[in-house]
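Asker: Line order of the protein sequences matches chains A and B. My numbering numbers the first residue of the first sequence as 10 and each following residue consecutively. My numbering numbers the first residue of the second sequence as 10 and each following residue consecutively.
One or more of the hints may lead you astray.
Stated by the list, open to error - Using 25 Å as the maximum straight-line C-alpha spacing, the simulated PhoX-like pairs for lysine-lysine come out as follows:
| # | chain 1 | residue 1 | chain 2 | residue 2 |
| --- | --- | --- | --- | --- |
| 1 | A | K266 | B | K82 |
| 2 | B | K220 | A | K220 |
| 3 | A | K269 | B | K82 |
| 4 | A | K248 | B | K266 |
| 5 | B | K248 | B | K233 |
| 6 | A | K82 | B | K235 |
| 7 | A | K114 | B | K242 |
| 8 | A | K248 | B | K267 |
| 9 | A | K269 | B | K248 |
| 10 | B | K37 | B | K53 |
| 11 | B | K267 | B | K233 |
| 12 | A | K269 | A | K221 |
| 13 | A | K221 | A | K233 |
| 14 | A | K114 | A | K155 |
| 15 | A | K242 | B | K114 |
| 16 | A | K242 | B | K82 |
| 17 | A | K82 | B | K233 |
| 18 | A | K267 | B | K82 |
| 19 | B | K267 | A | K82 |
| 20 | B | K242 | A | K91 |
| 21 | A | K267 | A | K233 |
| 22 | B | K82 | A | K233 |
| 23 | B | K91 | B | K114 |
| 24 | B | K266 | B | K242 |
| 25 | A | K82 | B | K269 |
| 26 | B | K269 | B | K235 |
| 27 | A | K82 | B | K242 |
| 28 | B | K248 | A | K267 |
| 29 | A | K221 | B | K220 |
| 30 | A | K235 | A | K266 |
| 31 | B | K91 | A | K235 |
| 32 | B | K235 | A | K91 |
| 33 | B | K248 | A | K266 |
| 34 | B | K266 | B | K221 |
| 35 | B | K269 | A | K248 |
| 36 | B | K114 | B | K155 |
| 37 | A | K37 | A | K155 |
| 38 | A | K82 | A | K155 |
| 39 | B | K155 | B | K37 |
| 40 | A | K235 | B | K82 |
If you're looking for bench data, these hints aren't it; they were derived computationally from the structure.
2 protein chains.
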Amino acid sequence: MAPNKYKTAVLIGAGNLAFHLGQALFAKGIKIMQVFSRTETSAKPLADILNATFTTNLDNIIPDADYYIICVKDDAITEVVKAMPAVSGIVMHTSGSIEISVLQKFAKAAVFYPLQTFSKSKANVDFELVPICIEANSSETLTELKKLASLISSNVQEADSAQRKTIHLAAVFACNFSNHLFSISADLLAEQNLDFSLLLPLIEETFSKIKKVSPAEAQTGPAKRKDFITINKQLELLKDQPELANIYSMFSEGILKKQK
Amino acid sequence: MAPNKYKTAVLIGAGNLAFHLGQALFAKGIKIMQVFSRTETSAKPLADILNATFTTNLDNIIPDADYYIICVKDDAITEVVKAMPAVSGIVMHTSGSIEISVLQKFAKAAVFYPLQTFSKSKANVDFELVPICIEANSSETLTELKKLASLISSNVQEADSAQRKTIHLAAVFACNFSNHLFSISADLLAEQNLDFSLLLPLIEETFSKIKKVSPAEAQTGPAKRKDFITINKQLELLKDQPELANIYSMFSEGILKKQK
Numbered sequence: 010m011a012p013n014k015y016k017t018a019v020l021i022g023a024g025n026l027a028f029h030l031g032q033a034l035f036a037k038g039i040k041i042m043q044v045f046s047r048t049e050t051s052a053k054p055l056a057d058i059l060n061a062t063f064t065t066n067l068d069n070i071i072p073d074a075d076y077y078i079i080c081v082k083d084d085a086i087t088e089v090v091k092a093m094p095a096v097s098g099i100v101m102h103t104s105g106s107i108e109i110s111v112l113q114k115f116a117k118a119a120v121f122y123p124l125q126t127f128s129k130s131k132a133n134v135d136f137e138l139v140p141i142c143i144e145a146n147s148s149e150t151l152t153e154l155k156k157l158a159s160l161i162s163s164n165v166q167e168a169d170s171a172q173r174k175t176i177h178l179a180a181v182f183a184c185n186f187s188n189h190l191f192s193i194s195a196d197l198l199a200e201q202n203l204d205f206s207l208l209l210p211l212i213e214e215t216f217s218k219i220k221k222v223s224p225a226e227a228q229t230g231p232a233k234r235k236d237f238i239t240i241n242k243q244l245e246l247l248k249d250q251p252e253l254a255n256i257y258s259m260f261s262e263g264i265l266k267k268q269k
Numbered sequence: 010m011a012p013n014k015y016k017t018a019v020l021i022g023a024g025n026l027a028f029h030l031g032q033a034l035f036a037k038g039i040k041i042m043q044v045f046s047r048t049e050t051s052a053k054p055l056a057d058i059l060n061a062t063f064t065t066n067l068d069n070i071i072p073d074a075d076y077y078i079i080c081v082k083d084d085a086i087t088e089v090v091k092a093m094p095a096v097s098g099i100v101m102h103t104s105g106s107i108e109i110s111v112l113q114k115f116a117k118a119a120v121f122y123p124l125q126t127f128s129k130s131k132a133n134v135d136f137e138l139v140p141i142c143i144e145a146n147s148s149e150t151l152t153e154l155k156k157l158a159s160l161i162s163s164n165v166q167e168a169d170s171a172q173r174k175t176i177h178l179a180a181v182f183a184c185n186f187s188n189h190l191f192s193i194s195a196d197l198l199a200e201q202n203l204d205f206s207l208l209l210p211l212i213e214e215t216f217s218k219i220k221k222v223s224p225a226e227a228q229t230g231p232a233k234r235k236d237f238i239t240i241n242k243q244l245e246l247l248k249d250q251p252e253l254a255n256i257y258s259m260f261s262e263g264i265l266k267k268q269k
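Let's have the full structure, built from the sequences with the hints guiding it.
Answerer: Listed below in C-alpha cells is the structure:
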C-alpha cells in the first residue's frame, strides 16, 4: 500500500475505457501512477493527461499501487495476467463476460464492470448514473472496491460472475442489437430516399416509455395488435430481402407468443 | 365547406390517435363537429372533451365538414369508407400501410400519417416534433393538408404511398422490434434476479449516439469488435433458449456483414 493518504492506481490498457475511467478516478483524487500499453503511441498520451508515467513492458509495472485496473480487450486479459508480476494491491478486470477466477494468481482479485459504452470522441463521461457491477474474492476487498466505485458512481451493485455474464448478454440484446435494428431501418429508408432522422421522435418515445413501464407492457405495433393484414403486407415489402423478412417473422412471432 | 372562417372536422374513430389528434387540432382552433365510433361508450367521452356531437352510425355523418379524419384500425378502413356518404370535404386516413387509393370514391382524398405511437394514458401528446407524412390526390388538397398538419407540427413531410409504407416498416424495425429486444433483456435479467432498470443508462447512451452519428457508425459490441470468444460464450449461455440463440446468431452475423 502507498504510505500516503491518497490511493494509487495503475491502468493496464489505454483504450476507451481506460481513457474515461482514468480521468474520472483522477478527478476524484485517485493518483494514477502509471499507464501500461503495448505501444508508446497509445500509453503516453493518456499518461500525460493523467500526470502519470507510462510503460510498454509489464515487467516494469509499479509493484506497490493500491489498484491495478485491467482495461484491455477480453481476449487479452489472460495474457496480461500471465505477464504481470504478483502485486499485492487489488487487481481488477473490467469485463462483463470474464470470470473473476482468471485473476486467481493475485491475493486480492476483483471485477469492476461499468455498464456503459465508451468512445474517445466523447470528451467526458459522467459515471454518476453508470451502474458499476462489482465482485471480489474477499469481503475486505469487496468493501474497498465499493468505496472506489462509489467515488465515481451512485449506482454500485454487487454482481457475481454468473449475474455479470447475464447483464452483459442482456446489454448486447438491448443495446447492440437495437442499434443494428436502427441500422436496418436507416437502410430501408435510404432505399426510398428518406432520412433516418424521421424516426428519431418515435424512437425517443419508445425509449421514454420503458422508463415508466416494463418493456412487455410498452410493446406496440402490428404483431402486438395481431394485425395480420399489415404483417403480411410488410413481409411482402421484404420479399427481396430474405434476411430482413426472417428477422421480421421471428420478431413478430416472438411478440405474439409473449402475449399468450 | 363551412361558411365560417374556422375549419371544421369530423373524427371517424375514437381510439388513441383520435383522442390525441382531436385534442391537438381542437387546441389550434379546428372545430371538431362530430365524433363517430361504433359504440356510444367510446364516442361520447371524446365528443364531450372536444365539445362535439357524436354518432354511432356512418349514415348520420355531417356532410359539409372541411375534414374527415379516419382514425380506425387498418383493417376497418375499407369498411368505413364503404359506409361513408360521398362527402365533399377532404377525407384522409391516418395509416402508414394503406394506399391513398382506398379513398378513391372521394373527390378530395388524402393521407395524414403522424409518425408516433399513442396511448390514452399519456395526457397530452406534443405533436410539435412529430413528423407528419402527408399525401393527397391533387395539389390543391395537398396544400390545404399541409396547412392543417403545420398547425400542430413543425415537421410536415410529403411522402407517397410507397415511401409511407417503407417509413412504417422502418418504424416497426426501429421501435416495435427494439422494444421486443428490451423485453428479451428484461426476461434474461429476471432469471438472475436482476432488474431491467440496470440497463437504462446504457440504452439512453445508445439512443443518444444515433442522434449524432448514423446507426452504422454508432454500432458497438462483440460482433462489431469481431470478438468471437465473447460471441461463443454468449451463445453458450443461450444453449437452452434456441429462439434467443437464433436471434443472437442472426444479429451477430448481420453486424459482421455490415462491416465488410
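Asker: Holds or violated: are the alpha carbons of K269 of chain A and K221 of chain A at most 25 Å from each other?
Answerer: holds, 23 Å
Asker: Against the 25 Å threshold, does the CA-CA distance of K248 of chain A and K266 of chain B hold or violate the hint?
Answerer: holds, 20 Å
Asker: Given the proposed pairing of K269 of chain A with K82 of chain B, does the C-alpha separation stay at or below 25 Å?
Answerer: holds, 22 Å
Asker: Would the pair K114 of chain B and K155 of chain B pass a check requiring their Cα atoms to be no farther apart than 25 Å?
Answerer: holds, 22 Å
Asker: Hint check: K248 of chain B vs K233 of chain B, CA-CA at most 25 Å. Holds or violated?
Answerer: holds, 22 Å
Asker: With the threshold set at 25 Å, check whether the alpha-carbon distance from K267 of chain A to K82 of chain B stays at or below it.
Answerer: Judged against 25 Å, a Cα distance of about 22 Å means the pair holds.
Asker: Do the alpha carbons of K242 of chain B and K91 of chain A lie within 25 Å of each other, as the hint requires?
Answerer: holds, 22 Å
Asker: K242 of chain A and K82 of chain B: Cα distance at most 25 Å?
Answerer: holds, 15 Å
Asker: Check the hint pairing K269 of chain B with K248 of chain A against an upper bound of 25 Å on the C-alpha distance.
Answerer: Answer holds: K269 of chain B to K248 of chain A is near 23 Å, not above 25 Å.
Asker: Is it true that the CA of K235 of chain A sits at most 25 Å from the CA of K266 of chain A?
Answerer: Since the Cα atoms of K235 of chain A and K266 of chain A sit roughly 11 Å apart, the hinted pair holds (cutoff 25 Å).
Asker: Decide if the proposed pair is consistent with the structure: K91 of chain B and K114 of chain B, CA atoms, cutoff 25 Å inclusive.
Answerer: holds, 9 Å
Asker: Given the hint that K220 of chain B pairs with K220 of chain A, test it: the Cα-Cα distance must not exceed 25 Å.
Answerer: holds, 19 Å
In the structure shown, no violation is registered for any of the earlier numbered hints.
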